[in-house]
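Sequences and hints are given; from them, build the entire structure.
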Amino acid sequence: MVDISKLFRGKELSESDQQLLTYIISNMDTVLQMGVRQIAKENYTSPASVIRLSKKLGYTGFIDLYYHLLPLVNAETVPAGTSEDEFFQLDHALVLQHNSIEDMDEFIGKVLSLNGKFIFIYAAGFSAIAAEYLYKKLLLLGKQVILATTLDSIGVLENNLKNIGAFVAISKSGETQSVIEKLQKARNAGIFTVAFTKETPNRLGECSDLNFKVTDQHKLDDRNLLPNTFFPFTLLLVEYLLSRYLKEINEVDEQTEEGKA
Numbered sequence: 001m002v003d004i005s006k007l008f009r010g011k012e013l014s015e016s017d018q019q020l021l022t023y024i025i026s027n028m029d030t031v032l033q034m035g036v037r038q039i040a041k042e043n044y045t046s047p048a049s050v051i052r053l054s055k056k057l058g059y060t061g062f063i064d065l066y067y068h069l070l071p072l073v074n075a076e077t078v079p080a081g082t083s084e085d086e087f088f089q090l091d092h093a094l095v096l097q098h099n100s101i102e103d104m105d106e107f108i109g110k111v112l113s114l115n116g117k118f119i120f121i122y123a124a125g126f127s128a129i130a131a132e133y134l135y136k137k138l139l140l141l142g143k144q145v146i147l148a149t150t151l152d153s154i155g156v157l158e159n160n161l162k163n164i165g166a167f168v169a170i171s172k173s174g175e176t177q178s179v180i181e182k183l184q185k186a187r188n189a190g191i192f193t194v195a196f197t198k199e200t201p202n203r204l205g206e207c208s209d210l211n212f213k214v215t216d217q218h219k220l221d222d223r224n225l226l227p228n229t230f231f232p233f234t235l236l237l238v239e240y241l242l243s244r245y246l247k248e249i250n251e252v253d254e255q256t257e258e259g260k261a
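Going by UniProt numbering, the residue at position 13 of the sequence shown is 13; the numbering climbs one at a time, nothing skipped.
To be clear, the hints were calculated from the coordinates, so they are not data collected in a lab.
Worth double-checking, as some hints may not be accurate.
Unchecked claim - Capping the alpha-carbon separation at 25 Å, the derived lysine to any residue pairs in SDA-like fashion look like this:
no., residue 1, residue 2
1, Lys117, Asp105
2, Lys162, Thr150
3, Lys213, Ile101
To be verified - Ranges between beta-carbon positions, derived for each pair:
no., residue 1, residue 2, range
4, Tyr23, Asn115, 50 to 58 Å
5, Gln18, Asn188, 28 to 36 Å
6, Ser178, His98, 23 to 31 Å
Glycine included, each C-beta is placed from N, C-alpha and C at the ideal position.
Structure representation (structure tokens):
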């Protein structure tokens, strides 16, 4: 179930590097005890190759690589006997666990409160479903919104840059190259950028002005074959952000009415 491509997206790994990484992930229970020399021996390569692979992936060495991969790989394991009840009893507090009130207020102030400018929403694959939901919710609020996916021409963004006030990207992995490129183009044009991604470090989150981190218990399941919380939790987070925005509007209206009285 583990798709290793998301681990090295944007990094230059040879075929032998990828085979070595696959071996390490497939043997997470034993590789730490085996050590670099034994891992190299099992893969007909040198200990230096294992170290080079670790550094190519951005880690200081094999031990650093191992402890960063461990929670990702463990998250892909569905415990035997997991029931539907246990899945639906996941703590809803996880929706807000990685995001501060300050982040939410910034989103409200720089995105939801935009006037005279468009909010541009972009996503690919399954994330486009969540993007369409946000798009329709914003339309109901009377916002100026543009929705685009990988099926749309790059011109949809480029031809509207001067009219866009905020760019919002949704990506479960945070590593989809087309989404990253669009967000960077918007940011280079001086547009405020927001990314909804999984909670672990990813390139899209790192290059956005504001990153909402959503808990995803199957972080390496790029094909979305396993049950995951990312998409439902993203929708819950969207609803929470909108509820805070509407509450602020109502409070302003009440204060205005009191002032008139």
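Hints, one by one, checked against the model:
1. Lys117 x Asp105: Distance of about 19 Å is within 25 Å: holds.
2. Lys162 x Thr150: With Cα atoms ~21 Å apart, Lys162 and Thr150 stay inside 25 Å; holds.
3. Lys213 x Ile101: holds (13 Å)
4. Tyr23 x Asn115: 50 to 58 Å: At 55 Å between Cβs, range holds.
5. Gln18 x Asn188: 28 to 36 Å: 32 Å Cβ-Cβ, so the 28 to 36 Å window holds.
6. Ser178 x His98: 23 to 31 Å: holds (25 Å)
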